[in-house]
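Chemist: If you want the building blocks of each chain, they are given just below.
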Amino acid sequence: MTKSAFVYVTYIRTTPEKLWSALTDKAFMRQYWFGMHCESAWTAGSPWKMVRADGSVCDAGEIIESEPPRRLVIRWQHQDNPELKAEGDSLCTMEMESAGSAMKLSITHTIEREPSKLIRAVSGGWPMIISNLKSMLETGAVALEDRAAAVKPA
Amino acid sequence: MTDPADDPDLLFKALADPSRRRLLDLLHAHDGRTLSELCEHLDMTRQGVTQHLGLLEAANLVAVVWRGREKMHFLNPVPLQDLYERWIAKFERPRLKALDKLKRRLENPDD
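Same order as they appear, the protein sequences are chains A and B.
Going by the numbering used here, the letters in the first sequence line up with residues 507 to 660, in that order.
Going by the numbering used here, the letters in the second sequence line up with residues 28 to 138, in that order.
Bound-form chain B, shown alone:
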């Protein structure tokens, strides 16, 4: 099977579509929903929603749990956290340090 840990392309591809981002927003508002519940909020065929959910699952942005015969979809934010660390935290750290220096200089002018 594909290992999503090795494929950031899957993650960016999954995010590069407004319907899939809408699905993530829907799960963020209310986590753990069935396909039918999600379909109610999208102007799209059931098959279309199924395909989008498949891509989100492949990118590990959606985790699936079976509850009896119902397939529940959960938002999995862990890949977004990895993305944050790789593309945001790393680049903003020097700025946080500069801000810290400024704060210290203003608060302790005698140092």
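If we strip away everything but chain A, and leave its shape as in the complex, we get:
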């Protein structure tokens, strides 16, 4: 079985409940996800989608497993780039566990193909998003604004 995957891990000084809420609350998500957010009832079997700031849907799927505030598994398919959409379903797993004074958040994204343009595309965005999530929870502000916005003429 060949597959493409990445595993990203961060430690955030916060509580399990706050972390779960940060990963599932629309308004909170927009603050660290560069204006994007996810919509779902966050229970197993419910539909899931990721929505851009302009309202368009970039990824969609279904919640496969949901164990608040510890574990979330999402079936994830890209929607508008035909090449990425054709790669089909990927699986995004988020695991949260206590580690000393912090919460350890592990995000694993896999797809049953090698190589995968989807995995390459999403893996590039995650470190910034995770880093922003960490600053939001620890300091109440994001560390990194959208860099494109910083150099765009007003």
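Be careful, since some hints might not be right.
[To be verified] Derived DEER-like restraints, expressed as beta-carbon distance ranges:
{"hint": "1", "chain 1": "A", "residue 1": "Ala559", "chain 2": "B", "residue 2": "Gly75", "range": "44 to 52 angstroms"}
{"hint": "2", "chain 1": "A", "residue 1": "Ser527", "chain 2": "B", "residue 2": "Arg96", "range": "19 to 27 angstroms"}
{"hint": "3", "chain 1": "B", "residue 1": "Ala43", "chain 2": "A", "residue 2": "Gly630", "range": "25 to 33 angstroms"}
Bear in mind the hints are in silico, worked out from the structure with no lab data behind them.
Glycine included, C-beta positions come from ideal geometry on N, C-alpha and C.
Following the hints, put chain B in place on chain A, whose structure we already have.
Modeler: Frame of chain A; chain B shown alone:
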């Protein structure tokens, strides 16, 4: 257990060695490898590679996933992103703003 979020020294120590940087490059080229696969690319004993991987894991630069009985090593770039924000983005922001002003002045000379 040690909380890597509290110890940037672990991160800089982990990066301050050519073999460990080589391991990160190897994982960047092909992520999710076993110890044996990584050993093939390094002129070093298995124990040596294990020790280096241990330090990279402690610094949270390498994440480990068990697949059956195999321990797979993945590059975790999140601490590098934090390092970028702390040591690069913060310092280059004024320069980006200056560049933006210059661009606007050149493109809209009447403003």
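Chemist: Against this structure, judge whether each hint is valid.
Modeler: Results for each hint:
As the Cβ distance of Ala559 of chain A to Gly75 of chain B is approximately 49 angstroms, the hint placing it in 44 to 52 angstroms holds. Between Ser527 of chain A and Arg96 of chain B the C-beta distance comes to about 37 angstroms, which lies outside the given range of 19 to 27 angstroms. Remark: the range hint 25 to 33 angstroms for Ala43 of chain B to Gly630 of chain A is upheld by a beta-carbon distance near 26 angstroms.
Hint 2 from the earlier list is the only one contradicted by this structure; the remaining hints agree with it.
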